[in-house]
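Enquirer: Take a look at the letters that make up each chain.
2 protein chains.
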Amino acid sequence: MPTYTPPIADTRFVLDKVLGLDRYANLPGFGAATPDMVDAILEEGGRLCAEVFFPLNQSGDAEGCTRHDDASVTTPAGFRDAYRQLAEGGWIGLGAPEAFGGQGLPHVLSTAFEEYLISSNVAFAMYPGLTQGAMAALLAIGSDEQKALYLPKMVAGTWTGTMNLTEPHCGTDLGLIKTRAEPKGDGSFSITGTKIFISAGEHDLSQNIIHLVLAKLPGAPEGSKGISLFIVPKFPPDAEGNPGTRNAVSCGSIEEKMGIHANSTCVMNYDGATGWLLGEENKGLAAMFIMMNAARLGVGLQGLGIAETAYQNAVAYAKERRQGRALTGPAEPDKPADTLFVHPDVRRMLMEAKSSLEAARALVLWGALQVDLSHKAPEAADREAADELISLVTPVIKGYLTDLGYEIATKAQQVFGGHGYIREYGMEQYVRDARIAMIYEGTNGVQAMDLVGRKLPRHGGKAAMALFGLISADIAQAKDGPQAELAGHLEKAVGQLQAGALWLMQNGMKDPNNAGAAAYPLMTMMGIVSLGWMWLKMARAAQAALDAGEGDKAFLEAKLVTARFFAERMLPDVGALRRKLEGGAEAVMALPVEAF
Amino acid sequence: MPTYTPPIADTRFVLDKVLGLDRYANLPGFGAATPDMVDAILEEGGRLCAEVFFPLNQSGDAEGCTRHDDASVTTPAGFRDAYRQLAEGGWIGLGAPEAFGGQGLPHVLSTAFEEYLISSNVAFAMYPGLTQGAMAALLAIGSDEQKALYLPKMVAGTWTGTMNLTEPHCGTDLGLIKTRAEPKGDGSFSITGTKIFISAGEHDLSQNIIHLVLAKLPGAPEGSKGISLFIVPKFPPDAEGNPGTRNAVSCGSIEEKMGIHANSTCVMNYDGATGWLLGEENKGLAAMFIMMNAARLGVGLQGLGIAETAYQNAVAYAKERRQGRALTGPAEPDKPADTLFVHPDVRRMLMEAKSSLEAARALVLWGALQVDLSHKAPEAADREAADELISLVTPVIKGYLTDLGYEIATKAQQVFGGHGYIREYGMEQYVRDARIAMIYEGTNGVQAMDLVGRKLPRHGGKAAMALFGLISADIAQAKDGPQAELAGHLEKAVGQLQAGALWLMQNGMKDPNNAGAAAYPLMTMMGIVSLGWMWLKMARAAQAALDAGEGDKAFLEAKLVTARFFAERMLPDVGALRRKLEGGAEAVMALPVEAF
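Protein sequences, first through last, are from chains A and C. Counting with the numbering used here, you get residues 1 to 596 for the letters of the first sequence. Counting with the numbering used here, you get residues 597 to 1192 for the letters of the second sequence.
Some clues are possibly wrong.
To give a feel for the contact side, a few chain C residues facing chain A, derived at Cβ under 7 Å [said to hold, decoys possible]: (1) Glu876; (2) Gln919; (3) Ala933; (4) Phe937; (5) Tyr1021; (6) Ile1035; (7) Pro1168; (8) Gly1171; (9) Ala1183; (10) Phe1192.
Since the hints were derived computationally from the structure, they do not count as laboratory data. Just so it is clear, CB atoms sit at the ideal spot from N, CA and C, and this is done for glycine as well.
With the hints as extra help, turn the sequences into a complete structure.
Expert: Here it is in structure tokens:
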């Protein structure tokens, strides 16, 4: 049966040696993140994930959620107790401000824990995950009263949150929404409409569910400029926070899906439900993007988290399963066959997974650190620079890492041969669960368009130039040292990426479809280069530790080998993607629709 | 709800214009394949698939198969009647010899029909599909009595067949099997053992099930040289073919799988079941490969077939679903939004699918024609040349086309956004169903090893040289014509492939792990180049028809655009794969197992 072990040594390596967390001790919250505190969080959090949440992953998938005739929803057996342990342990508020009962720890640290949470049980992780998104919006644009009323309960996990955007006829194009909000005259609004695909929309884990809902006010402008955001609690609380009578919002049905069965994906019916405006009138889309950006990093983390568990199980199977003999002669002649590990093509799959996952972890934690810096760096210029960087890289983390997560889950399943296709072994669930991350919070195609249409050109391409500058500086520092070869591979790939970006700038103006057709290749190139960059950082950190005689030698040497594998086996795709990108839009767009 | 339309015009184009079926009218069976006969088969067969089998695809997936307490298995509602129509229409024996009641038509034609069958309902198609594999083995190595006893019933569909290879502890490494065959002294054997993952192992579609079972005779040599093949009928027939009493073989359980739920995947228990030797003692593995090679082409066809249906539905959805506006300005300003078709990244996914599928169809039909020629060409040298070619390309068709099928099904699902993840829309089923084709009949990693370890080096690389010769000849003929650019792209890719193969030859001898680590990239390179070659053939055929003013102009022009797309957007991967391959085995194999 599947297993999961939190990769604590890897997380520590990234936090300590690659990001150098101790350099930020002067920042608010970072002082509390002492090495002992970090250890305690990773170890105790990891234990909870491995021992409590992971054992519910397969059973939760098999059982799924159940909607009853009274529109209530029951989560799978064990979820209530597990959620209670998550909430009572203070894990939901790990990164939330102390003013609202949180622990005020750095986002980079709560992100490290969140990876383990996702790895152990992504459907379970989504319940607090959606709450995090709703809290982010409340923190950013809520009034003081709203913050005081909702946040402490959400931080404590007593109440959960949701995001209500999609309607049957509109997902990406939110300008088309039909849900209406009529002022009731007492400062509240009457919300009417139907929302679909609402994750954690109804369940039995929390006393109250705080729905954040996009709707249109009477006479609002057409399209996305006429959308407002509302707080619609399942039980509207009084001023003291005591939940009142049931609001006119209910779960109409739960969707039958490919995966994440243990998360209730609801059709939510709003029948004149009472809501309150969050933020300004007709500024709902901007508010939603606050939630979305946090959520997109979380979804990128799902790519990593699910694939990590799939990979760990593929490794375990490859160590145990015996088929055939090594091409170089029997490795264990006294056994009836050698293990799968002797076969280069099995190794190839495992190394592709390993080299991608370790770099993805570094990239996500680097991104989370930028989020921290964007809020907490003492200098405004540093805050702004960090904000630019994370804005640029967010669609790459969401889009590329979720593509990768699905690919890795598929490869890990492949290592199992026929057994990978059988439910009992658990591998096919990882594939089904990983699939949704490429779709929700904006499909990966939408991420690619966000990258080339908004993030790259913003402020004259400042963020991209900053990112390329950081990568080039690392390459320059490595070029004469023991990582020269790796730096050379990366330099070539960065050159391809820059050439691709330049082509896009020059040809996207001429014909915007050139930008559209180049978007996906460019996002993928940026993803691969970003992981390559992380490998350069990790290899240099490992080399420095080796040179200093510090740390686990075998662990550090494995980093150097894995970095080399990434350079030789993963970076070459960047060149092919550049050629595809430079093909332009013509052949993509030329066929009349009837020819399909 | 999903739809499926057999792509008859495309099939006709390949048969008539690309392969030039009329040139082979002198071959046995080809004479009967007059244009009218071909039309009748494609149209009537296509109608049956679209109207009878396809409507059972989604319901069959939802219902699955049921094993009862008496070990009998019921297929989903409608399957019995559908199977009766398939059998009574003579579709199972389309390519079988007339001597056994078949229609003796060319394999290339039965393959064209088989694509539609798979597209409509792959789980259903597997029941006759497994029978085809068993018939191939009986035809090749059965005694005259065995052929006479079994084949007519199997051709008629009254009886079905299975292949029993895998055991719990061995899949790829069949030398490890434990199933025993004890001579009973009357010419029959007593078979005892457990087989797993037996597709169509037990069901209610046919009167009898003829299991072909690998087992070991007493005192047989160790490993794969000691395996024999046995015929074990569910109801052993008397000499007149009347099924007798129930044999001691039964379905112990059916597996819960990721997909192909409507096919019963059985654990088969043999408890002293009566069997008869098929072929020679201890030559079972060679016999099994006869079945496997036929089956591998069939599985490659599954990659194409499932993806075709997924693609058709993505096209239909993209035509209908309105989200956002064209980057070049509203395409339909009077509508609330434009269709998905205006978005370059949606087009990219659809064109990747279209350009791959049309070339895959051409490749599979080209391969099927080689099978025909390997049996029926008048000259021995031509038969041998065709056999060499199809042996070489079989692992590529199986391995690359099934990888592609899964990718395309995934992309088609992506076009649906959130709706792609919901069961009701049917898209997630195609992904789940397509996944198995990468695993069974030898995982795709095993296909890659078959290619580099057996097929490429065989007879001093004769087959590969012949294939490269054919491709080069087509390039040379196209280089000064209107397809010069396409030919140039292909020539470059072929050069990369040849360089990769050369690297492999030189470095695989030095260290066999270099061959193992290069196998998968090389298989993929050969797959892409083969599709590129088919595009050159198709583009030249389309151009010739256009020049002659024959045929549907829009249809032919679409071929030229799609060929260009393939060259610009799909061929570049070949260069990246060469670089990966040339990385060699070092970084792949360097880590100690404990480092994973």
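Enquirer: Are any of the numbered hints broken by this structure? If so, which, sorted upward?
Expert: 1, 5
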